[in-house]
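Reassemble the complex: the two chains are provided individually, in unrelated frames, and hints are given to aid placement.
Residue numbers (the numbering used here), protein chains in the order written: chain U, 1 to 112; chain R, 1 to 116.
Since the hints were made in silico from the structure, they are not lab data.
Be aware that a few hints might be false.
Said to hold, decoys possible - Below 20 Å or equal to it, Euclidean Cα-Cα: the simulated SDA-like pairs (lysine to any residue) are:
{"hint": "1", "chain 1": "R", "residue 1": "Lys-5", "chain 2": "U", "residue 2": "Val-60"}
{"hint": "2", "chain 1": "U", "residue 1": "Lys-44", "chain 2": "R", "residue 2": "Pro-40"}
{"hint": "3", "chain 1": "U", "residue 1": "Lys-57", "chain 2": "U", "residue 2": "Tyr-95"}
{"hint": "4", "chain 1": "U", "residue 1": "Lys-44", "chain 2": "R", "residue 2": "Ala-24"}
{"hint": "5", "chain 1": "R", "residue 1": "Lys-5", "chain 2": "U", "residue 2": "Tyr-95"}
{"hint": "6", "chain 1": "U", "residue 1": "Lys-44", "chain 2": "R", "residue 2": "Gln-111"}
{"hint": "7", "chain 1": "R", "residue 1": "Lys-42", "chain 2": "R", "residue 2": "Thr-87"}
{"hint": "8", "chain 1": "R", "residue 1": "Lys-71", "chain 2": "R", "residue 2": "Ile-48"}
{"hint": "9", "chain 1": "R", "residue 1": "Lys-42", "chain 2": "U", "residue 2": "Pro-105"}
{"hint": "10", "chain 1": "U", "residue 1": "Lys-9", "chain 2": "R", "residue 2": "Glu-59"}
{"hint": "11", "chain 1": "R", "residue 1": "Lys-58", "chain 2": "U", "residue 2": "Pro-105"}
{"hint": "12", "chain 1": "R", "residue 1": "Lys-42", "chain 2": "U", "residue 2": "Lys-57"}
As the list claims (entries may be wrong) - These stretches of chain R come out as covered by chain U in the derived footprint (C-beta under 8 Å, 3 or more residues):
{"hint": "13", "segment": "14-26"}
{"hint": "14", "segment": "86-95"}
{"hint": "15", "segment": "99-109"}
By construction, the Cβ of each residue, glycine as well, lies at the ideal position given by its N, Cα and C atoms.
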Amino acid sequence: NAGVTQTPKFRILKIGQSMTLQCAQDMNHNYMYWYRQDPGMGLKLIYYSVGAGITDKGEVPNGYNVSRSTTEDFPLRLELAAPSQTSVYFCASSYPSGFTQYFGPGTRLTVL
Amino acid sequence: QQQVKQSPQSLIVQKGGISIINCAYENTAFDYFPWYQQFPGKGPALLIAIRPDVSEKKEGRFTISFNKSAKQFSLHIMDSQPGDSATYFCAASFPLKETSGSRLTFGEGTQLTVNP
Chain U
1 NAGVTQTPKF RILKIGQSMT LQCAQDMNHN YMYWYRQDPG MGLKLIYYSV GAGITDKGEV
61 PNGYNVSRST TEDFPLRLEL AAPSQTSVYF CASSYPSGFT QYFGPGTRLT VL
Chain R
1 QQQVKQSPQS LIVQKGGISI INCAYENTAF DYFPWYQQFP GKGPALLIAI RPDVSEKKEG
61 RFTISFNKSA KQFSLHIMDS QPGDSATYFC AASFPLKETS GSRLTFGEGT QLTVNP
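Isolated chain R (complex conformation) (with noise of 0.2 Å):
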């Protein structure tokens, strides 16, 4: 199963709070789990990512807590700003078979506002 899916759908946060972000996914095959973020009238561009093998990556105020045995990731944007608005994409790469590269699929988004 090549799905990942995340939720909440959209959320709101106060300047200075903590937004998460929870994605699950079914296929053991990924290799990697990046984050994408993607501000209005632009395309995604690469967040933060991880590998299976490793519990927490931290980059600045963004952290990915991933859980192997339940098949879950999320990403934490600690002390939100009004400038982390924008939409984000949890994505799986799973390697192609007949190449030495992968591809990626992306869960549904989630629309990130933070209210000043």
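Next comes chain U alone, as it looks inside the complex (with noise of 0.2 Å):
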């Protein structure tokens, strides 16, 4: 199993530009997520999805989207960036009793 894969796993972007992070999960989990990770600051949900086709917002929503059309893939949209995303982003996967999340390996967004 290759458990929870992101790509890219670096970028650079300018500003205004558009990007989606992707990120697949090979374990059949019906929950995935995406964090944000900046230094001191934890990590911080973003969107979360319970199953294909329903998502919701985290704490950090604003300037993201998501779709979930499939069980093992959750893309992260980023429209118009901003040097505020600048950011490490992980997404992850669980089961519904959902305190073990399996993370990705992460991918490094700077927007200058």
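Structure representation (structure tokens):
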């Protein structure tokens, strides 16, 4: 099993550009999550999904969008990138009893 | 209040010493309290977790102490080793009303360095 995979590993965007961060899991988990990690701030939940076709906002959803068309994939879309979105982004997945979350390796995004 | 407060922000310990990281919370609806460990360049991984009806849980050199009345819990790493150098996050799980699942809220993280 590959677990949770994320692409790309690194990306530099210019202000105003858009991009999609890809996330896939092969553990047949219903629940998937997107977090951002900033120094000294911990992990902040951006969006989560409890199954295909069902998504909901987390703590910091502004500037992001998600979709969940399959159990395996949960892409995160950044529209009109801003410097405040410079961060490391982690995707995670879990079974419904979600205190055990499995994290991907992260995407380091810089917006200049 | 869905926050978990973690301290210290950074910690330096000598090899063989005890590392202690503390967390506090307000929301009594939290139903699990996990700790995650993150090595540089990697995603966090579950280390150990405790339910609020248990006062202590031990797994090897790692122990969670839980004080329900004070709404505090802590991670103790006994006989700390250089390989334990990582960032540690406490977290709290709370149930989602509309499903049978739950979600996590994380503390700010503690960067632990164990010197040889």
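Evaluated hints:
1. A hinted pair counts as satisfied when its Cα atoms are at most 20 Å apart, and R:Lys-5 with U:Val-60 qualifies at roughly 18 Å.
2. Pair hint U:Lys-44 plus R:Pro-40 holds up; C-alpha atoms about 18 Å apart against a cutoff of 20 Å.
3. For the hint pairing U:Lys-57 with U:Tyr-95, the CA-to-CA distance comes to about 19 Å; that is within 20 Å, so the pair holds.
4. Proximity of U:Lys-44 to R:Ala-24 is assessed by CA-CA distance (about 17 Å); at most 20 Å being required, the pair is judged to hold.
5. Distance check on the hinted pair: R:Lys-5 and U:Tyr-95 sit about 26 Å apart at the alpha-carbon level, beyond 20 Å; violated.
6. Restraint check: the Cα-Cα separation between U:Lys-44 and R:Gln-111 comes to about 17 Å, which is no more than 20 Å; the hinted pair holds.
7. Between R:Lys-42 and R:Thr-87 the CA atoms are separated by roughly 10 Å; this keeps the pair inside 20 Å, and the hint holds.
8. Distance hint between R:Lys-71 and R:Ile-48 is fulfilled; the C-alpha atoms sit about 18 Å from each other, no more than 20 Å.
9. With a C-alpha separation of about 5 Å, the suggested pair R:Lys-42 and U:Pro-105 falls inside the 20 Å cut-off, and the hint holds.
10. Annotation: proposed proximity of U:Lys-9 to R:Glu-59 is violated, straight-line Cα distance about 33 Å (limit 20 Å).
11. A hinted pair counts as satisfied when its Cα atoms are at most 20 Å apart, and R:Lys-58 with U:Pro-105 does not qualify at roughly 28 Å.
12. Of the supplied pair hints, the one linking R:Lys-42 and U:Lys-57 is violated, its CA atoms being roughly 25 Å apart against a limit of 20 Å.
13. Chain U is given as covering the segment 14-26 of chain R, and this is violated because 0 residues of the stretch bring a CB closer than 8 Å to a CB of that chain, at least three being needed.
14. As drawn, the segment 86-95 of chain R meets chain U at 3 residues by the rule of a beta-carbon pair under 8 Å; at three or more, the given contact holds.
15. Under a criterion of three residues with beta carbons nearer than 8 Å to beta carbons of chain U, the stated coverage of the segment 99-109 of chain R is upheld, 11 such residues being counted.
Consistency note: the structure conflicts with the earlier hints numbered 5, 10, 11, 12 and 13.
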